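Given the coordinates of chain A, work out where chain B should sit on it, guided by the hints.
Just so you know, the protein sequences line up as chains A and B, in that order. Just so you know, my numbering puts the end of the first sequence at 129, numbered straight through with nothing missing. Just so you know, my numbering puts the end of the second sequence at 229, numbered straight through with nothing missing.
Note that these hints are calculated values from the structure, not bench results. None of these values were measured; they are calculated from a predicted model. C-beta: ideal position from N, C-alpha, C; glycine also.
Beta-carbon label-pair distances, calculated as ranges:
| id | chain 1 | residue 1 | chain 2 | residue 2 | range |
| --- | --- | --- | --- | --- | --- |
| 1 | B | 65 | A | 12 | 20 to 28 Å |
| 2 | A | 12 | B | 29 | 26 to 34 Å |
| 3 | A | 36 | B | 174 | 36 to 44 Å |
| 4 | B | 65 | A | 34 | 16 to 24 Å |
| 5 | A | 22 | B | 171 | 39 to 47 Å |
| 6 | B | 119 | A | 55 | 47 to 55 Å |
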Amino acid sequence: MLRKYGIILRRSSWLQALALTGLWGLCARVVHVLALPVPSGILAMAVLLALLLGGGLPAPWVRRGAAGLLDHMVLFFVPAVMALLNHRELLGMVGFKLFAVIVGSTLGVMAGTALVVDASFRWRQGDVR
Amino acid sequence: MSGNLQPLFWAAVTLGSYGLALALHHRHPRWWTSPLLMTWALCFALALTLHTTYREYLRGTGWLVAMLGPATMAFAMPIYAQRQLIRRHWPVLVIGVAAGSTIAFASSWLLAWALGLPFGLRVSLLPRSVTTPFALAFAGRVGGIPELTATCVVVTGLVGASMGELLLKWMPLRSAFARGAMFGMGAHAVGTAKARQLGEVEGSVAGLTMILAGLVSVLAAPVIALCLR
Numbered sequence: 001m002l003r004k005y006g007i008i009l010r011r012s013s014w015l016q017a018l019a020l021t022g023l024w025g026l027c028a029r030v031v032h033v034l035a036l037p038v039p040s041g042i043l044a045m046a047v048l049l050a051l052l053l054g055g056g057l058p059a060p061w062v063r064r065g066a067a068g069l070l071d072h073m074v075l076f077f078v079p080a081v082m083a084l085l086n087h088r089e090l091l092g093m094v095g096f097k098l099f100a101v102i103v104g105s106t107l108g109v110m111a112g113t114a115l116v117v118d119a120s121f122r123w124r125q126g127d128v129r
Numbered sequence: 001m002s003g004n005l006q007p008l009f010w011a012a013v014t015l016g017s018y019g020l021a022l023a024l025h026h027r028h029p030r031w032w033t034s035p036l037l038m039t040w041a042l043c044f045a046l047a048l049t050l051h052t053t054y055r056e057y058l059r060g061t062g063w064l065v066a067m068l069g070p071a072t073m074a075f076a077m078p079i080y081a082q083r084q085l086i087r088r089h090w091p092v093l094v095i096g097v098a099a100g101s102t103i104a105f106a107s108s109w110l111l112a113w114a115l116g117l118p119f120g121l122r123v124s125l126l127p128r129s130v131t132t133p134f135a136l137a138f139a140g141r142v143g144g145i146p147e148l149t150a151t152c153v154v155v156t157g158l159v160g161a162s163m164g165e166l167l168l169k170w171m172p173l174r175s176a177f178a179r180g181a182m183f184g185m186g187a188h189a190v191g192t193a194k195a196r197q198l199g200e201v202e203g204s205v206a207g208l209t210m211i212l213a214g215l216v217s218v219l220a221a222p223v224i225a226l227c228l229r
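Only chain A is shown next, with the shape it has when bound in the complex:
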């Protein structure tokens, strides 16, 4: 029975995504009931990782579903940016300044992080030139 379920589940990314969403729903419930200070997605991720590492859940059962959810993650961001409908003032000068801050700061964060990681990676590998 479990084996048969496994074979079906292994093939369908939709079913897998649905099962993952169900597991997340359970975690969200726990976060809500216990009023935990962590976002439900993070608790669910920890649970899923623990299940995978502990061997309680075979990776092929959820691999495709997880890939599908990650592939389409940007779709889930669209409604957040629609909040601009409520903040028309941001389409003017203030918005331009905010955008400038974001561009400048993001450039710094990315270049800084990349250089630090690259340097410490090489240092750890003893590849000092």
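Same frame as chain A, now just chain B:
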């Protein structure tokens, strides 16, 4: 438009625009055809034309926001797949996230202050480098306008993912770790999607960096809240 059909309409518009945007991006893979930007532009233009309020739009698409939970959870998979690599190099990741988070908070605050943005906006900008669920948790703790934070987070992701491509051309990054950490730290989930296109190591390092950065910001939130008081 009738009240009952409207939520359905906006869900269909959003999904339809996304489908179109994916097809377009597949044919012309440029930064300005990024599915997020295209989908948003189509929906925003239509919402402006039809005089739809944000609340009305959200009635049909709130479930998409909720799907960020399962999507965040799905990062367990690439982390699991790359567990050997991560076990071997975790100190590098920790150093990278510590450096990146410091730069993110400090530069957002200082630049916003230099440009004369008011306190409320500055606070809303602070957690913009971390992915939405964490950024909202941070905003709830420290203050700021949650919707504004969410928008800044997404704009950061778009800007970072497109600038990342330029940075890769300018900077000689030899390790896949550095490429992944750059995208995960600077552009959270949008950057992680980009990093996944570069390679599996880049993708999972980006995902892990993003999660670590989120955890750092939530842990730092009480301290930062105290500093701002």
